[in-house]
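Asker: Following the hints, complete the assembly by docking chains Y and X onto the known chain S.
Residue numbers (this note's numbering), protein chains in the order written: chain S, 1 to 468; chain Y, 1001 to 1468; chain X, 2001 to 2468.
Calculated from the structure, these hints are not laboratory results. Even glycine gets a Cβ: it sits at the ideal position worked out from N, Cα and C. No incorrect hints appear here.
Residues of chain Y placed beyond 10 Å of chain X at every Cβ, according to the derived structure: (1) S1026; (2) D1126; (3) A1215; (4) T1415.
Just a few of them, taken from the derived set where beta-carbon distance is under 8 Å, the chain Y residues facing chain S: (5) A1005; (6) A1313; (7) Y1389.
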Amino acid sequence: MPLTAPDRLFPPEQKQKDLARALYRSVADLPIISPHGHCDPRWFAEDRRFPNPSDLFVVPDHYVFRMLVSQGVRMADLGIPRLDEGPSETDPRKVWARFAQNYHLFRGTPSALWLDHSFEHVFGIDQVLSADTATAIYDQIEAKLADDAFRPRALFERFGIELLATTEGALDDLAWHRQIRESGWSGRVVTTYRPDAVVDPDFEGFAANVAALGALTDEDTQSWTGYLAAHRKRRAFFKSFGATASDHGHPSAHTENLSHADAAALFAKVLSGDFTTIEAEAFRGQMLLEMARMSLDDGLTMQIHAGSRRNHAAPVFAKFGRDMGFDIPGPTDYVVALKPLLDAVGMEPDLKIILFTLDETAYSRELAPLAGAYPALRLGPPWWFFDSYEGIKRFRETTTETCGFYNTAGFNDDTRAFCSIPARHDVSRRADSAYLATLVTTGRLREAEAFEIAPDLAYGLAKTAYNL
Amino acid sequence: MPLTAPDRLFPPEQKQKDLARALYRSVADLPIISPHGHCDPRWFAEDRRFPNPSDLFVVPDHYVFRMLVSQGVRMADLGIPRLDEGPSETDPRKVWARFAQNYHLFRGTPSALWLDHSFEHVFGIDQVLSADTATAIYDQIEAKLADDAFRPRALFERFGIELLATTEGALDDLAWHRQIRESGWSGRVVTTYRPDAVVDPDFEGFAANVAALGALTDEDTQSWTGYLAAHRKRRAFFKSFGATASDHGHPSAHTENLSHADAAALFAKVLSGDFTTIEAEAFRGQMLLEMARMSLDDGLTMQIHAGSRRNHAAPVFAKFGRDMGFDIPGPTDYVVALKPLLDAVGMEPDLKIILFTLDETAYSRELAPLAGAYPALRLGPPWWFFDSYEGIKRFRETTTETCGFYNTAGFNDDTRAFCSIPARHDVSRRADSAYLATLVTTGRLREAEAFEIAPDLAYGLAKTAYNL
Amino acid sequence: MPLTAPDRLFPPEQKQKDLARALYRSVADLPIISPHGHCDPRWFAEDRRFPNPSDLFVVPDHYVFRMLVSQGVRMADLGIPRLDEGPSETDPRKVWARFAQNYHLFRGTPSALWLDHSFEHVFGIDQVLSADTATAIYDQIEAKLADDAFRPRALFERFGIELLATTEGALDDLAWHRQIRESGWSGRVVTTYRPDAVVDPDFEGFAANVAALGALTDEDTQSWTGYLAAHRKRRAFFKSFGATASDHGHPSAHTENLSHADAAALFAKVLSGDFTTIEAEAFRGQMLLEMARMSLDDGLTMQIHAGSRRNHAAPVFAKFGRDMGFDIPGPTDYVVALKPLLDAVGMEPDLKIILFTLDETAYSRELAPLAGAYPALRLGPPWWFFDSYEGIKRFRETTTETCGFYNTAGFNDDTRAFCSIPARHDVSRRADSAYLATLVTTGRLREAEAFEIAPDLAYGLAKTAYNL
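Extracted from the complex, chain S is given alone in its bound form (with noise of 0.2 Å):
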């Protein structure tokens, strides 16, 4: 028996799981446009086979070992690294066993599709991960990890990918990315210019930061005017590595549009480490805004990925760093938040921000009567934890009737799970066909309008949305 139902997320009813099932076969074989994530792109500089399952599938993804977490598995049992560099699990057998042993805890969720799904159809797995297959299916994939058709570039090529984008800070030097170009490989991987480092006052180092970038860029960067040229010529190097659009992952969508002299000398506070946190947020909104700018002359898309409350629980911040599961969403203001930047620029056609929300409750009531007046801006898809059957379903109901679907941004994978891209774009596909088999069987969609949808939901927006 397969892992994955055939026509799986599709409608129980008949005549709608038939429609569903037609429209996503329609989009089935499209390639994969990934517009942002957050893959390694040495994997793909060094075409390396990974390691073992377990730091495969487990120990990198945060989707993964929080919940066995969540359930009293203690971190360093499942091989996290400490930062102290205290005793953690090296053996990737064990932690494999933990993880298949408490693979139940995963059962309704996005996570267990995913997996099952890489399972399957990457390494042709037929049994359901559990005690007592754990040791089979870590032996199964570890061999198949060491054929060359499971290096980055094979499975790349296997995923039917057209273009991969990653996402590196202000300050790296893009050496992987050069790597890449240089080796002559026709896989198309590019980068995105994510300037939090730089950009936010409560970054660790963010002065040192700062410093830095006027290194690299031979701008004085302790000036407000020098420090946004070095980020027009960051912003240009990111260009000349195929970058298209720049990230923001801000802990609100707050904007600020202030004169140069208020914005400098704001600059100035906040460089000499003795700020407010109001300071900081203004900082943070007013370099929104001049990010915004810069897009206008460079054609960057912009994303803002708003409202996540990150390393919520300090000890696991202080024992194992960032990004390991303990970042939590809050309510989340667009409204108020984003005016003095839509005032400024909301009305050009040319230029495209990408709004993305942790905070559902914005889709009908903020995001989607935005997205739906403002020529600047595109919804993006579910992020996080709403990338999933139900979330897009949500996202769907709850955004079309105000903003349509030419408002929206096509679908981001958003992962740094290398295998879960073809099951993400998997499940997006069936879950959007799903959504148009409803409107068309419901009469609120032409079925010829449906099938026209399906392949802009599945590739074309993306490409509009990224200038791609």
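Answerer: Positioned in the frame of chain S, the structure of chains Y and X alone reads:
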């Protein structure tokens, strides 16, 4: 092929669909009660033909043109008049062509359903609007508009409208309503008392408006007592033109219960023009209570439309003015906000206050619990962005379990798009029939009960809520 | 015709319905675990007959009478006792008549489902309650109540209750629980430690309550150390009457982690009666952490019921007191609020803190991400207004994808309406079966997995979460 599917909005599963259809048929031909909306009474006073298809469907309808604007069409190119009298498209055929070539943007939105319904059922169109069909459809509508059967009064009668309420400001002379009454026409068009311009200190020209209110009523509106007396007189005047309701479009649902002395002092303050945003909010809040008290005396139903952040795009507001599609909702609190008013009059069984929201999170958390307890409260139908299939579904699913059907207030079309009135009531009747059918087929309601409730939702509850 | 449909709450599509029914049948006869509720232990101590139908179904149940009140029935006419001992209806037949003639108000609500289920399955009624049937049904219930088979203990056994937890204040002498234990009856009725009256500075008589706590425990509750020691003693006393949990009904989920000195000073402040609302909130917050720490020692599961704005209608509170149907939810933050507590004890694998909410927006945004990461957290079932078919559906749809099934805590009926207990558990078992069937038929769960999960949701998870 008809533009609209005969079984649209019914559930796909056959038993549910059959029951939904039967419920719908039992209410489809009931007269339309439109107790809240923004049609222009002048149409029915003068009964002149509508000028052309673009001026009927595009130019006055911010639901429609904002969607085109969101994808880069310029407002001036759609013929939206500019405040500065700068150039704006004057050829209705060119406006129509831009509308038609972007008609795909509306796919999946209620606007598409309303427009197609109007095209088909009012004008007999049988082709989907597009660049290709634009001219033919324009010509067909244009030809019909020249026919007497398509004048406002004839359409009013053909639409089966039993009552239509318009909305006029407190200073309006109701001349068009007078003309309707004096014309001897049998159509029932009534007004609604909307005093925002003389109640909201932030309204343009507030002090002058209050002075004009004094002149109109022969009351000293510079004094708190005289100001209240002037409201009472205007309410009586509006009642004499059929008004059974007042309407209040406040940024929040904030209410106050100040002493006479404090209220008088606050009134003097806001009248002076020297007031804070908090004082403006307090004054609006006090006036909600004053209006509720007057309702206890004169029996007008009170409508509170709270939570829109008006005129969000500063450049659009500067160039084109109000109601241009850039009113964006935000989070709206009702529980704390309404407490002063509810403590004062919430237990009055003869008072009717209808609450509307643009923040759907308030349905299950605040509005249904409030309406399910206080005798004075009724829950208004889904408003604005939520007057749609999914919006109505979510409204019923999140309110019925807590406040039932009988604490709701029937349907409002709330539109200035006259030809969409039958379409909107049709959507509401279908969506409610679908919901009732779902309750019955899942054993949550008896079939006979559903057939009793359906006409209440389509007709009866609106009459009760608005004392019609 | 039965009052309740045999396939109620199952999905209408045949394949889903068949599977839902099969899942339901696999759990329908499991014993009832009721780990949180408000039944009166006196019923089971004395085992006297219930006085009459109105005192069983209407007078004590604010779910029921608030709906009648919302449509203009006066509370006094429903026999609700007044604090001022003013006149209130004393004839239970008249109360019943008013209830019956308004029974249509409950259409579409869970109250209707629970009442019909109780009428049919407990009392053998086969007619719908209405003005016409009021007397006959009253007589039928009245006759049954006189029968020994309808006394509390007999019903308890007939309902298949394995364990019922009541909720008592910290000062309660647990005399009824003692009487139950000493009676030799085999029914398992346990208490729960609810210390709000001695923890919340805003509670009526807080200082006196704290003094009484000292008297009861022989501890100096005027000192912070003595006060904490007194709590420990009372918790031990409650444990000796079977308590496995504490319960905390706070207006918010705010927590604090103050130093011993700061906490002692704050305690002195709130005890003095001279404190601000912020200090009251801080003290309640500190006490949540103290209770969590005590739970680490004594193993009591901790329940946090946050977010109700109690006694919203001042005139109702003045005339009738607490718990009169006018407790209205509001937005509730968990992410910032719980951080101090979670930083201190959130990673403890042996601690169990169950979170409840009346703000459904928190499910997907805050509560599932928190419960899906912190080992100490479990997500409580839908509470109060959300203990219903749609409420349970939304709960599962918005939490499962992020935290799975095993971070949830089974079902609570949380009721003071004894006869509704089987009905409420039945609704929960049906709604969960429907959800599981939907997951299976859409390929998100294997059928065998669903049959494993169903009994956990109906029975197993509650036992685990409450250490039963």
